[in-house]
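Construct the entire structure; sequences and hints are all you get.
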Amino acid sequence: MQYVDYTVADRIATITLNRPDKRNALSHELIAELKDSFRLAEGDDAVKVIILRAAGEAFCAGADLAYLQQLRNFTHAENVADSTHLKELYLQMYTLSKIIIAQVQGHALAGGCGLAGVCDFVYAVPEAKFGYTEVKIGFIPAIVMVFLLRKLGEAPARQLLLRGDLISAEEARRIGLVTTVVPSADQLAGEVMALAQHLCRTNSASAMAMTKQMMARVPEMPLEAALAFAAERNADARASADCRRGIDAFLNKEKILW
Numbered sequence: 002m003q004y005v006d007y008t009v010a011d012r013i014a015t016i017t018l019n020r021p022d023k024r025n026a027l028s029h030e031l032i033a034e035l036k037d038s039f040r041l042a043e044g045d046d047a048v049k050v051i052i053l054r055a056a057g058e059a060f061c062a063g064a065d066l067a068y069l070q071q072l073r074n075f076t077h078a079e080n081v082a083d084s085t086h087l088k089e090l091y092l093q094m095y096t097l098s099k100i101i102i103a104q105v106q107g108h109a110l111a112g113g114c115g116l117a118g119v120c121d122f123v124y125a126v127p128e129a130k131f132g133y134t135e136v137k138i139g140f141i142p143a144i145v146m147v148f149l150l151r152k153l154g155e156a157p158a159r160q161l162l163l164r165g166d167l168i169s170a171e172e173a174r175r176i177g178l179v180t181t182v183v184p185s186a187d188q189l190a191g192e193v194m195a196l197a198q199h200l201c202r203t204n205s206a207s208a209m210a211m212t213k214q215m216m217a218r219v220p221e222m223p224l225e226a227a228l229a230f231a232a233e234r235n236a237d238a239r240a241s242a243d244c245r246r247g248i249d250a251f252l253n254k255e256k257i258l259w
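The working numbering numbers the first residue of the sequence shown as 2 and each following residue consecutively.
Hints listed in this document are in silico derivations from the structure and should not be mistaken for laboratory results.
Cβ atoms here follow ideal geometry from the backbone N, Cα and C, with glycine treated the same way.
No false leads were slipped in.
Cross-link-like lysine-lysine pairs, in silico, DSS-like; alpha carbons within 27 Å at most:
1) K88 / K36
2) K152 / K137
3) K36 / K152
4) K152 / K130
5) K152 / K213
6) K23 / K130
7) K256 / K213
8) K88 / K152
9) K213 / K36
10) K130 / K88
11) K23 / K137
12) K36 / K23
13) K88 / K213
14) K137 / K88
15) K88 / K23
16) K36 / K130
Computed spacing ranges between beta-carbons, pair by pair:
17) T85 / M2: 19 to 27 Å
18) E225 / A78: 34 to 42 Å
19) E43 / I248: 24 to 32 Å
20) E171 / A217: 22 to 30 Å
21) T85 / D187: 37 to 45 Å
22) Q70 / E233: 46 to 54 Å
23) E172 / T85: 25 to 33 Å
Structure follows, in structure tokens:
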């Protein structure tokens, strides 16, 4: 791949945005390579957790300028197809069975903020800025809005999407966009790796996958349908090999390492 680096070690896949000269801005090709990378991780039984990180000073500056210039000449059908391309990436990440940790070492803006926002955990340095600036150029944060409303709720999402201002990493943590603010850039990679290793050692892969699946589907369901779905998934989990192994370890007072 040209714009993304993909490596696997010790049950952790690392996906690195590698367009530092363009501040890792999103292009059609970069989005395609990200989709391919997450597809590889999803299908690899040796991968349990994914780290999404970026080379250079910025995590992701949103859409590439050259890409934006091309969009001006697209037909409506071409714009729908292009928007669907990005939608598919966000949905893929949001519903992926593997846990994704965003390692945000620099600014995450517009589509780049959306990229971090659909991850399960977001670790950031204090200097990183977050924001959806689309309204400032006459555009709308249409696709990220769907996920942001689910993640943050309406009030903070309105502030972010309608004002279009950048916020600090600490403010992003306060409203729930960021999980943890790491004190310094020197500590960021170590903190993210520690979380990834902790999840690999202490949590069942199948249980995390089922939990992610439920979290993606339950909010759209009526109450009784959600509870019926939950009861079915509860029963499925009880019949799983991981659950039997975990209960046996618990009853025998044994520490289980997954």
